[in-house]
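**Q** Model the placement of chain B on the given structure of chain A, informed by the hints.
Taken in order, these protein sequences are the chains called A and B. The first sequence: position 144 = 158 (our numbering), numbered continuously. The second sequence: position 351 = 365 (our numbering), numbered continuously.
Please note: incorrect hints may appear among the correct ones.
Copies of the same chain look alike in the list, so a pair counts if it fits in one copy or across any two.
[Said to hold, decoys possible] Each computed DSS-like pair below joins lysine-lysine, with the alpha-carbon atoms no more than 27 Å apart:
1. K104 with K57
2. K367 with K343
3. K316 with K87
4. K169 with K331
5. K48 with K90
6. K60 with K343
7. K431 with K42
8. K296 with K308
9. K48 with K169
10. K29 with K57
11. K83 with K22
12. K343 with K169
13. K175 with K42
14. K57 with K285
15. K90 with K367
Derived by calculation from the structure, the hints in this document are not laboratory data.
2 protein chains.
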Amino acid sequence: MLEGYRGKAYEILSKLNIEVGDLIEVRKGDMVIKGILLPSYSKDEKIIVIKLDNGYNVGLSIENLSEIKLLAKASKKIITSEEISPKKGKSEVKIISTGGTIVSKVEYETGAVRPALTTEEIIQFLPEINEIANIEAEILFSILSENMKPEYWVKIAEAVKRAFDEGNNGVIIAHGTDTMSYTAAALAFSLQSLQGPVVLVGSQRSSDRPSSDSAINLLSSVILAKYAPFGEVVVNMHAESSDTYTLAHRGVKVRKMHSSRRDAFQSINDKPLAKIFWKERKIIINRDDYIKRKEETKLDSKFDERVFLLYYYPGLKSEILEFIISNFKIRGMIIAGTGLGHTSSEYVEIFRKATKDGIFVGMTTQCLFGRVNMNVYTTGRQLLDAGVTPLEDMLPEVALVKLMWVLAHEDDLEKIKQIMTTNLVGEINMRHSLDLFPRWSHE
Amino acid sequence: MLEGYRGKAYEILSKLNIEVGDLIEVRKGDMVIKGILLPSYSKDEKIIVIKLDNGYNVGLSIENLSEIKLLAKASKKIITSEEISPKKGKSEVKIISTGGTIVSKVEYETGAVRPALTTEEIIQFLPEINEIANIEAEILFSILSENMKPEYWVKIAEAVKRAFDEGNNGVIIAHGTDTMSYTAAALAFSLQSLQGPVVLVGSQRSSDRPSSDSAINLLSSVILAKYAPFGEVVVNMHAESSDTYTLAHRGVKVRKMHSSRRDAFQSINDKPLAKIFWKERKIIINRDDYIKRKEETKLDSKFDERVFLLYYYPGLKSEILEFIISNFKIRGMIIAGTGLGHTSSEYVEIFRKATKDGIFVGMTTQCLFGRVNMNVYTTGRQLLDAGVTPLEDMLPEVALVKLMWVLAHEDDLEKIKQIMTTNLVGEINMRHSLDLFPRWSHE
Chain A
15 MLEGYRGKAY
25 EILSKLNIEV
35 GDLIEVRKGD
45 MVIKGILLPS
55 YSKDEKIIVI
65 KLDNGYNVGL
75 SIENLSEIKL
85 LAKASKKIIT
95 SEEISPKKGK
105 SEVKIISTGG
115 TIVSKVEYET
125 GAVRPALTTE
135 EIIQFLPEIN
145 EIANIEAEIL
155 FSILSENMKP
165 EYWVKIAEAV
175 KRAFDEGNNG
185 VIIAHGTDTM
195 SYTAAALAFS
205 LQSLQGPVVL
215 VGSQRSSDRP
225 SSDSAINLLS
235 SVILAKYAPF
245 GEVVVNMHAE
255 SSDTYTLAHR
265 GVKVRKMHSS
275 RRDAFQSIND
285 KPLAKIFWKE
295 RKIIINRDDY
305 IKRKEETKLD
315 SKFDERVFLL
325 YYYPGLKSEI
335 LEFIISNFKI
345 RGMIIAGTGL
355 GHTSSEYVEI
365 FRKATKDGIF
375 VGMTTQCLFG
385 RVNMNVYTTG
395 RQLLDAGVTP
405 LEDMLPEVAL
415 VKLMWVLAHE
425 DDLEKIKQIM
435 TTNLVGEINM
445 RHSLDLFPRW
455 SHE
Chain B
15 MLEGYRGKAY
25 EILSKLNIEV
35 GDLIEVRKGD
45 MVIKGILLPS
55 YSKDEKIIVI
65 KLDNGYNVGL
75 SIENLSEIKL
85 LAKASKKIIT
95 SEEISPKKGK
105 SEVKIISTGG
115 TIVSKVEYET
125 GAVRPALTTE
135 EIIQFLPEIN
145 EIANIEAEIL
155 FSILSENMKP
165 EYWVKIAEAV
175 KRAFDEGNNG
185 VIIAHGTDTM
195 SYTAAALAFS
205 LQSLQGPVVL
215 VGSQRSSDRP
225 SSDSAINLLS
235 SVILAKYAPF
245 GEVVVNMHAE
255 SSDTYTLAHR
265 GVKVRKMHSS
275 RRDAFQSIND
285 KPLAKIFWKE
295 RKIIINRDDY
305 IKRKEETKLD
315 SKFDERVFLL
325 YYYPGLKSEI
335 LEFIISNFKI
345 RGMIIAGTGL
355 GHTSSEYVEI
365 FRKATKDGIF
375 VGMTTQCLFG
385 RVNMNVYTTG
395 RQLLDAGVTP
405 LEDMLPEVAL
415 VKLMWVLAHE
425 DDLEKIKQIM
435 TTNLVGEINM
445 RHSLDLFPRW
455 SHE
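Chain A on its own, in the form it takes in the complex (with noise of 0.2 Å):
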């Protein structure tokens, strides 16, 4: 695929062969350029965009260039349709209901909604899903996402790691959209050790609707669990406003990003790790950084709840913090600041006397993009110096349920400090591209 490319470089690059992501080659008066090609983020339809090696992106002229090569086809891995089919016999795949939109049934006669995921009633609702992989079933509650508490994600976790154990290839969370990040987070820091895919999975509109998502969602769930060669948590659903794949975003780095539509889940700051065409039945892997399938499946889902997450605003009065601080005996906070890692100045000191007093405080930004960096203002290195641990680029979300699981594991601060600046599983990212900011049109 061309994303984005037009006219003069679109001609050019087709008839080259050439793709989004492939290894190129060019040559520009004496200068040899060699990078990934990029998608077309410019105006000018003669731009390429090509990613060095050092990590910068450049724009070049294609009519500048003597000479156009390709070195190398994009190397995404695909999992085909010949691939995917059900071995006879015992379950690969377990499906565990905690409730949500996606398990939701309506009975006409009363018109009640209840829980519908028992084995038999998904076979019925999608018989599609014998022809890839034979699945069992389980009700491990049935609770709104809005009702979700830390005490659920340790049964959700646990759940898990039985069905790893009973041999299952992949396991699949349904859940509902509300909270399905904050679960999909608990669960990465909870089982960093994972024998396949924790797939979870919600719907935007119920399954009584014509257009629900419910079914898409699950079917390349079901493909996703079994076949993917992932031993990570990851949240699957629609990518996009039409019904042609849905998109597997690692679980600490996805974000709902609208209250309605079907492609609301969203990865922010990082590339999501699988695009699932479900008709198709296809796999492909978008990235080779993933987090692989390991030979044991541990668990260890312990989270201290005595946590605050403070979303600074002008005008927030300081003694309401000193009044949480002081009242809740909090031993962490995670403050969603201002651009790149702010608060009032007029906050200084109460975080230096909680750092004092062993409480952690951690810095994320509430614009979501991007990194903090606190060194580039006054009140930033004033933050820092009252011991604030500035988060790179954790959305405040995961960086408080990490927080929640690193305080339940350590009581030292310095710990505590390096292992929320350690990435344990993929929530920080340290290399951004400039195509991870979405587009918005501006018509």
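**A** Showing chain B alone in chain A's frame:
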């Protein structure tokens, strides 16, 4: 421009001199379809997308069309470079500086950063301004925007009123980017009748860096402040990673979405009001529903800070909220809830008691994009029953600033509810087109 179109469709459309935004008519078999050409969002390069009168978008394969007709060019109002030049004499644009990166000047001897927006320094920095408008600068104060507070919003609003009373055509507020959108919302509610644009502008990279956006943002703000037909508060910042144009975003619909990119500011649930081409000295007005310049500038700037923004997450202890309500005598609260507007149902009774006690409780979504709808799920209905007010598609931060403003003007809860759900200055957008949601790259 033919944004997103490639190949066949691009070829045909450009031959017919059709651009995005034009009114076209196509014929498919017996069917005649009339509508506005939208940017292409399709992977299939044969598809063209048309917005019908009823608001729906339809994608059509260009190969199946027997006729394509241009009915009318896009009716975008364009203010051209010929119209953009200064009259001689008194100040036409007032530049009020409040602090932040755009006004900082590094003293190379000492390394200290100091505000640099005297009239002379601005002209020295950007002599081109002289060709556009007569300006006058005022240093109101010099604070980092993370230290901004409601009491400063009042001072800025008063300075804006003075500037229009002095006869200026438009006012520019130089402001740090961290909390710029909060200030923009505060000014929008304080100055609901304006003789001209109030343009908030900042810079993401300071002017001593080669990639600084200071000059472009400031120059285009002068063009906008003097010539735009708006009587509203806008944020004018870099639009894309290249330097082509800036965007004027409605002050109550904009958010800083990236910690460091120059195009960090983007409209959420809304389209930008205008594009400003600084080099060509041209304004393209994007929409016709902007608020027009009024005869008189009216100032009503009061804020009640007894509010709280509750960012909901699983594990948040309801006791913390009860504590804040009882100890800080808050009069109102905005919830950044999950999905369509939810919290754990544990909170229902707390909210019921709060609203009975006359406290306003309003619901927004932490998804940011989309609208709350509390009629879909049980928890939403319970929250509604408990007196929680759904706030449509308002951003949590904007709802909070609006609430501070409303509480300073009203005591009666029913009246407060009514004003909070009434669109005052564009903060509620009842019509969402599909392309308001940005596009993520999935490659």
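**Q** Does each hint hold? Answer for all of them.
**A** Comparing the hints with the structure gives:
1. For the homomeric pair K104 and K57, neither the shortest alpha-carbon distance inside one copy (54 Å) nor that between copies (39 Å) is at most 27 Å.
2. For the identical chains of this complex, K367 and K343 are neighbours both inside a copy (14 Å) and across copies (26 Å), given an alpha-carbon limit of 27 Å.
3. Taking the shortest Cα distances, K316 and K87 never come within 27 Å of each other, neither inside one copy (44 Å) nor across copies (62 Å).
4. Taking identical chains as interchangeable, the C-alpha atoms of K169 and K331 lie at most 27 Å apart only when they sit on different chains, with a minimum of 20 Å there against 37 Å within one chain.
5. When the C-alpha separation of K48 and K90 is checked against a cutoff of 27 Å, the pair qualifies only within one copy, where the shortest distance is 18 Å, while the shortest distance between copies is 42 Å.
6. In the homo-oligomer, the alpha carbons of K60 and K343 never lie at most 27 Å apart, since the shortest distance is 60 Å inside one protomer and 61 Å across protomers.
7. When the C-alpha separation of K431 and K42 is checked against a cutoff of 27 Å, the pair qualifies neither within a copy, at 48 Å, nor between copies, at 64 Å.
8. In this assembly of identical chains, K296 and K308 lie within 27 Å of each other by CA distance solely inside one copy; the values are 23 Å within and 59 Å between copies.
9. In this assembly of identical chains, K48 and K169 lie within 27 Å of each other by CA distance neither inside one copy nor across copies; the values are 50 Å within and 55 Å between.
10. For the homomeric pair K29 and K57, the shortest alpha-carbon distances inside one copy (21 Å) and between copies (18 Å) are both at most 27 Å.
11. Both within a single protomer and between protomers do K83 and K22 lie at most 27 Å apart by alpha-carbon distance, with minima of 16 Å and 25 Å respectively.
12. For the homomeric pair K343 and K169, the shortest alpha-carbon distance inside one copy (26 Å) is at most 27 Å, but the shortest distance between copies (38 Å) is not.
13. Taking the shortest Cα distances, K175 and K42 never come within 27 Å of each other, neither inside one copy (56 Å) nor across copies (56 Å).
14. Within a single copy, K57 and K285 get their C-alpha atoms as close as 23 Å, and across copies as close as 18 Å, so both meet the 27 Å cut-off.
15. Taking the shortest alpha-carbon separations for K90 and K367, neither the intra-copy value of 50 Å nor the inter-copy value of 56 Å comes in at or below 27 Å.
In this structure, the earlier hints numbered 1, 3, 6, 7, 9, 13 and 15 are contradicted, and the remaining ones agree with it.
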